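Novice: In the order they appear, the protein sequences are chains Z and V. Each residue of the first sequence is one higher than the one before, counting from 916 in the working numbering. Each residue of the second sequence is one higher than the one before, counting from 137 in the working numbering.
Treat the hints as calculated values from the structure; they're not laboratory data. Computed from a prediction, not measured in an experiment: that's the story for all the values here. Note that the Cβ used here is the ideal one computed from N, Cα and C, for glycine as well. No incorrect hints appear here.
Here are the computed distance ranges between Cβ atoms for each label pair:
no.	chain 1	residue 1	chain 2	residue 2	range
1	Z	Asp1098	V	Asp268	55 to 63 Å
2	V	Gln320	Z	Ser981	49 to 57 Å
3	Z	Asn975	V	Glu188	41 to 49 Å
4	Z	Ala1037	V	Glu497	54 to 62 Å
5	Z	Gly992	V	Leu539	22 to 30 Å
6	V	Lys490	Z	Ser981	52 to 60 Å
Straight-line alpha carbon distances no greater than 27 Å define the calculated BS3-like cross-link-like pairs of lysine-lysine that follow:
no.	chain 1	residue 1	chain 2	residue 2
7	V	Lys281	V	Lys264
8	Z	Lys990	V	Lys424
9	V	Lys428	V	Lys303
10	Z	Lys962	V	Lys525
11	Z	Lys990	V	Lys152
12	Z	Lys917	V	Lys421
13	Z	Lys917	V	Lys424
14	Z	Lys942	Z	Lys963
15	V	Lys422	Z	Lys990
16	V	Lys323	V	Lys424
17	V	Lys343	Z	Lys990
18	V	Lys432	Z	Lys963
19	Z	Lys1011	V	Lys152
20	V	Lys195	V	Lys482
21	Z	Lys917	V	Lys376
22	Z	Lys1018	Z	Lys1067
23	Z	Lys1011	V	Lys393
Far from chain Z, by Cβ distances over 10 Å, these chain V residues were calculated:
no.	residue
24	Phe147
25	Phe189
26	Pro249
27	Thr263
28	Ala300
29	Val423
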Amino acid sequence: MKFDVIIIGGGHAGSRVACGLQDSGLKCAVITSGRSIHGTTLAGFEKKGGIVFADDQITNTCIQDSKIVCVRTEKIGQIALEAEHYVIATGKFFSKGLVADMKKVWEPIFGLDVEYNEDRSAWYAESFADHQPFLDFGVKVDESCRPSIEGKTVKNLYAVGEILAGVSCAEKDDLAAVDAGADKVIDIIKAQ
Amino acid sequence: MQEINLSEHNFEQCQKCGICNDVCPMMAANPAYPGPKQAGPDGERYRLKDKEFYDYALKYCLNCKRCEVACPSGVKVPDIIQSAREKYNEHKSVKLRDMMLASTDLMGTMVRPVAPIANTVLGWGITKSVLDGVMAIDHRRTFPKYSGEGFERWFRKKAAASQASYKHQVSYFHGCYVNYNYPQLGKDFVTVMNALGYGVNLLDGEKCCGVAMVSAGMFDKARKNAENNIKVISDAKGEKVLTTSTSCTLMMRDEYKEVLGMDNSSVRDSIVLALKFIYELVDQKKVKLVFKKDYKARAAYHVPCHMEKLGWSIFTRELLGMIPGLELILLDSNCCGISGTFGFKKENYEISQKIGQPLFEQINSVAPDFVACECETCKWQIEMSTEYKVKNPISILAEALDLEATAEANR
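Bound-form chain Z, shown alone (with noise of 0.2 Å):
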């Protein structure tokens, strides 16, 4: 099944990707856990012709000089989703867009390079309301907000929201460079 951009995360800077896009004219589709709290977004982007997959994870990606060919779910299952580009928005720890163990710090979907800090203690702050490091913890990307995988930069892969490096809305105010980020990803699709 093909599209033109695959949206990995439907919250609100995934959907806002999404929407974006979609009314440029672009073929979208968005794989999300559950409908999150962004539904009625979506519900306005499927009525413009926008596929979500709604309560649906990605089971296995293939990968080729850098660049994703497909990925699959474990809904659609051994049908592959083509598109020409991807984003990934699926956030921080809440979401499960990063996960950590007691040493370190992954991106579940493609492994990809994520910034923190080596020394567990430095993790967290003793006081509850005291600015918590982790919360900066985040993929890493370049100028095009491509991040990486190996140190190797994944060609057709955006990163928007609160999975990079240093953004987080639980703490500060982030939710205009959020959108900023986002609109950036959408022209930067749009152009090519």
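Once you've looked at the hints, dock chain V against the given chain Z.
Specialist: Using the frame of chain Z, we list chain V on its own:
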């Protein structure tokens, strides 16, 4: 995710966000229902400590699965609720009426020999009044018609002999509705599969999937049927066991394990809705569809709740989208309110119609030639509550395909 949890149904993953309440059609229509969050994970915390906390309002859960689809944390809210109805409900006696409504295969077997009489009698006002008074089955309901000749009998007489001549083979779980109420859907299915070069086999003694039994609280009977079905499906002939009913499919794939606690892992992946199977064949270029040149229709597509849960409505949209003369309008995501046997019960009639109201209004305003929908009980509800006919997408394919040309292309 489930393996790191201590309790079933991802109960511990609930973050208390409340999105489940937001999408619940019952909570919006019926103040007596506390909503999926309270009925599910919140109430479960108390029930785990003491059965006394069991709330009888749990019977209002439609098991539509909308809360589960909406949950961003993967909590199987309706499974928590359905399991609680078995685990904690101390007044388990099932009413005769609920037993009759739930025993779709038993009722079908009994009524079928006298189907023409039964259909007429069930249509009489006086019968409806009696059923309403004695059985509490609402008199405003239109009863589904019973078919004189069941699908299985038709198949054995008219179709079985030629099936072995096809290159590929599949099995078919027809379900009670196709066998007793609407054999035409089964006939359409056989027609389409044959045109694609696939022979159809019946299972060696399928039984009702049990979805209605679970909602009536007849868990042990449902388990017996499940055991039988798992066995006959694992012995099935051909590549897959195809289905035309979304609720039977969901029941056998997911609920056998989650609600009934049965091991269906050996058969789960072989049970597939025919629409998904056909799409896969087309996608892999294993079959070709040739459509009639003069087919023209305007259809409104209602995605049944259980199709939303399966996540497969994309296949219906893509397949019907291939028909050149068909304009397909996607309706808003709404529950029709019937929920299998729920809407037949007298005490539920008004809630049921209230839940379906937005859907009926939208269908009326779209004014299509017909409504496309995979679910049999949605069909009853929509046909009773609007003036529009409902067609299963398989039947639409059967109408729109140039069968001879398709058969030629797939020989």
